[in-house]
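Colleague: Residue numbers (the working numbering), protein chains in the order written: chain A, 1 to 218; chain B, 219 to 436; chain C, 437 to 669; chain D, 670 to 902.
One or more hints might be untrue.
[Unchecked claim] Sample of chain C residues facing chain D (criterion: CB under 7 Å; computed from the structure): (1) Met550; (2) Pro551; (3) Ile553; (4) Phe554; (5) Phe572; (6) Asp605; (7) Asn637; (8) Phe638.
Keep in mind that the hints were calculated from the coordinates and are not lab data. Model, not experiment: these values are computed from the prediction. Just so you know, even glycine gets a beta-carbon here, dropped at the ideal spot from N, CA and C.
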Amino acid sequence: MALNKFQIAQRIAQELQDGFYVNLGIGIPTLVANYIPIGINVVLQSENGLLGMGPFPIEGEEDADLINAGKQTITTLPGSSIFDSAMSFGMIRSGKINLTVLGAMEVSENGDIANWKIPGKMVKGMGGAMDLVASAKNIIVAMMHTSPSGESKLLKSCSLPLTGKNCVKKIVTDLAVIEITAHGFKLLERAAGVTIQEIQEKTKADLIIEGEIPEISL
Amino acid sequence: MALNKFQIAQRIAQELQDGFYVNLGIGIPTLVANYIPIGINVVLQSENGLLGMGPFPIEGEEDADLINAGKQTITTLPGSSIFDSAMSFGMIRSGKINLTVLGAMEVSENGDIANWKIPGKMVKGMGGAMDLVASAKNIIVAMMHTSPSGESKLLKSCSLPLTGKNCVKKIVTDLAVIEITAHGFKLLERAAGVTIQEIQEKTKADLIIEGEIPEISL
Amino acid sequence: MNKLSKNADDAIKNITDGQTLMLGGFGLCGIPENCIAALVKKGIKNLTCISNNAGVDDFGIGLMLQKKQVKKMIASYVGENMEFERQLLSGELEVELIPQGTLATRCMAAGYGMPAIFTPAGVGTEVAEGKEIRTFDGKEYLLETAFEADFAIVKAWKGDRSGNLIYKDTARNFNPLMAMAAKTTIAEVEELVEDGELDPNFIHTPGIFVQHIFQGTGYEKRIEQRTVRKVAN
Amino acid sequence: MNKLSKNADDAIKNITDGQTLMLGGFGLCGIPENCIAALVKKGIKNLTCISNNAGVDDFGIGLMLQKKQVKKMIASYVGENMEFERQLLSGELEVELIPQGTLATRCMAAGYGMPAIFTPAGVGTEVAEGKEIRTFDGKEYLLETAFEADFAIVKAWKGDRSGNLIYKDTARNFNPLMAMAAKTTIAEVEELVEDGELDPNFIHTPGIFVQHIFQGTGYEKRIEQRTVRKVAN
Chain A
1 MALNKFQIAQ RIAQELQDGF YVNLGIGIPT LVANYIPIGI NVVLQSENGL
51 LGMGPFPIEG EEDADLINAG KQTITTLPGS SIFDSAMSFG MIRSGKINLT
101 VLGAMEVSEN GDIANWKIPG KMVKGMGGAM DLVASAKNII VAMMHTSPSG
151 ESKLLKSCSL PLTGKNCVKK IVTDLAVIEI TAHGFKLLER AAGVTIQEIQ
201 EKTKADLIIE GEIPEISL
Chain B
219 MALNKFQIAQ RIAQELQDGF YVNLGIGIPT LVANYIPIGI NVVLQSENGL
269 LGMGPFPIEG EEDADLINAG KQTITTLPGS SIFDSAMSFG MIRSGKINLT
319 VLGAMEVSEN GDIANWKIPG KMVKGMGGAM DLVASAKNII VAMMHTSPSG
369 ESKLLKSCSL PLTGKNCVKK IVTDLAVIEI TAHGFKLLER AAGVTIQEIQ
419 EKTKADLIIE GEIPEISL
Chain C
437 MNKLSKNADD AIKNITDGQT LMLGGFGLCG IPENCIAALV KKGIKNLTCI
487 SNNAGVDDFG IGLMLQKKQV KKMIASYVGE NMEFERQLLS GELEVELIPQ
537 GTLATRCMAA GYGMPAIFTP AGVGTEVAEG KEIRTFDGKE YLLETAFEAD
587 FAIVKAWKGD RSGNLIYKDT ARNFNPLMAM AAKTTIAEVE ELVEDGELDP
637 NFIHTPGIFV QHIFQGTGYE KRIEQRTVRK VAN
Chain D
670 MNKLSKNADD AIKNITDGQT LMLGGFGLCG IPENCIAALV KKGIKNLTCI
720 SNNAGVDDFG IGLMLQKKQV KKMIASYVGE NMEFERQLLS GELEVELIPQ
770 GTLATRCMAA GYGMPAIFTP AGVGTEVAEG KEIRTFDGKE YLLETAFEAD
820 FAIVKAWKGD RSGNLIYKDT ARNFNPLMAM AAKTTIAEVE ELVEDGELDP
870 NFIHTPGIFV QHIFQGTGYE KRIEQRTVRK VAN
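For reference, chain A alone in the conformation it holds in the complex (with noise of 0.2 Å):
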């Protein structure tokens, strides 16, 4: 059975490590900081200028100057500290952050990530992604298989505007958990009771399957 997006999160949380410096996209990614792991502390940027978010605030202590980068209302922990957009992105460019989860409209088996723009259509910007994905060393992409509409999302190469070039290192799909490798998408684990056969037909790139595929276990 296909995962759900607070699965899919629970599964990425796994790859958290004690002492990690973690930012969260937008969407799915979010949803990791409900499932750190007992005994790992992990430490969570926001690319606005916080390290340290904490949970959203209790009702009634809505802060209008302490939001998230997703403009959500929040609250800082003890060992928080508030800087400006220069130092944010300036920690994010030297590599200091060890994990940057994000969602993609499209991923390509060389590790390209298309996830802020369709010609024509839509036009948000690409806000802090461009530089989390120029500068990450540890990039998971958190996003169903294939979209509303069936199409898969990951792709031999992307057709949409790229956010960056070869820098996805993972990915969770509510299918499976796919590794980039220089040879392109190598399948990891699948979801329970999917099989491998259905991960590829929706998988418009050939998988490497090597072994057995286990589980993914939650």
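Chain A is fixed; fit chains B, C and D onto it per the hints.
Modeller: Positioned in the frame of chain A, the structure of chains B, C and D alone reads:
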């Protein structure tokens, strides 16, 4: 009669305008702070990271954590601010300092300055002087007209390694006030009782003399 | 030198049609509400605006877009604004979308007297078109130039007569960068205090960067995404 | 992850011969006294040190020079140190003197992931020899590369377990820049506090840049130029 170093500082203080941000180098330039005209408010920058440098502390109140670029204990004033060295030189490079006063070993008629090195003899380093002279729009050199051995410090071209090129706008010495123009040293004022002839004799480049040359009034 | 302006109208009085303005804020957080209102009231036109976002339809820079005061918008994310999208798709509005870190660093470059910076953001994308690419240590970077702006308009929490500013929490964002980056900087503050009331050791923007300052009024501080949790048991 | 070191010996334990170290401070103000003492005690050799100054003969980096632990010194001003001058003129010590703003900005470039920066400092001087010169808007700039350092050793006033640092007054200087710029950063602080005791809004160095932190002891805080005035009447 030639000016002493206090009078040189006093003459330079006449160049201050209300609201100026000023960087004063070590030596005679530092003394300028003692002659700020009444009604003129200037803010002194110390390039180690302070705007609004105040006077020396009252005896017993010295704080090792509060020094100026000459490593002297100082104080802050109401309206002061502290910042790191990158921001300090950021404001210098972006031209926010209205006036820079520094000493020199040599100045040439095209505005080159040498003040950081005597090859094989003195190796102290340039500190912030190269940044200051490369960035400031308004640079006044405060120095004796001649070296202790009587050599002119105003030259056709500098013999010592340069600190910066084409940057000095004005020179105030014990003998004269000289402007650097596109055509060379232009004599603006002379010390009381000092003749134009004496100044020319002690200057190793031609002086431009236009009209009456008034005496320096303090 | 007196940096105090009476109010927003006074502070913006030298801004004229066709100029380039930087406006601080991230979304609606930390935006100069008073000055935006004054710009709308005065009806200054053909502006080039540099700001991370373009407000929402009825607040922030969105108010200036409604009045068609903006000729060109330089921003990183504009997804919150339908009027913006309409003007863009119809060709009424010129738009340059650039990566958020590039936006921040091009401000910093201007403030720090650096004519250009190198960033990897946008390499291999349409952002790189027409730009110089340079390889350092095997990695490609774009050469991006410092912004040139006539005015920066920023919002701070507290400020003093010398122009020193401190910001509150994530309302800091682009404000201190833009404050350093323009020919003239206007700061509106929630609370204007006397010199000496702010600790010199905790100033975010030193006064040297600020030419005009005033205490704003009636801050709405609209929240875009009001997210809360229930009180824990 | 635990960033706490027991003391200076513990904090510097991974530093080895031949590495490049950044050391914070301006003159003797804001220098990491405890770590310097530990480096001297351990006798690590062939170091390349990046620091604005080289201490005085019997304090600061001067102590490491006395023990001939420094192979190369990168600094902007070294006029306070006779042993330094002796080693330099005798050829025992390799020295690179660079403008102070260039030193600061090359640190910042490393911390901000910018491989190089442009500065006008040194154009037309021997500092420009062998360097790329580029003209922007009619003005010449040198291309200066970001520093690469194995360790940064900084001194702060207060720090917490997350590695957040605040500095006191002009003891800030190069410390926050170097803290961002090396592969590994060691911070010694006068007062180590629990997370939550420092106001997030007034942190000078966010903890992400700091890998090891400890509370130093016995700070001498030597003053180079004790200048005072008499009490006013």
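Colleague: For the restraint on C/Phe554, tell me whether the closest CB of chain D is nearer than 7 Å.
Modeller: 6 Å, holds
Colleague: When the nearest CB of chain D is found for C/Phe572, is that gap smaller than 7 Å?
Modeller: This interface hint holds because 4 Å falls under the 7 Å limit.
Colleague: Hold the hint about C/Ile553 up to the distance rule: shortest CB distance to chain D must be less than 7 Å.
Modeller: The hint holds - C/Ile553 has a Cβ within 7 Å of chain D, the shortest such distance being about 6 Å.
Colleague: Checking hints one by one. Is C/Met550 an interface residue toward chain D, by the C-beta closer than 7 Å rule?
Modeller: 6 Å, holds
Colleague: With chain D as the partner, please determine if C/Asn637 meets the hint condition of a C-beta pair closer than 7 Å.
Modeller: 6 Å, holds
Colleague: Please verify that hint: C/Phe638, Cβ, nearest Cβ of chain D, below 7 Å or not.
Modeller: 4 Å, holds
Colleague: Under 7 Å is the threshold here; is the Cβ of C/Asp605 close enough to any Cβ of chain D for the hint to stand?
Modeller: C/Asp605 check passes; min Cβ-Cβ to chain D is 6 Å, inside 7 Å.
Colleague: Per the CB criterion, is C/Pro551 less than 7 Å away from chain D?
Modeller: 4 Å, holds
Checked against the numbered hints listed earlier, the structure breaks none of them; every hint is satisfied.
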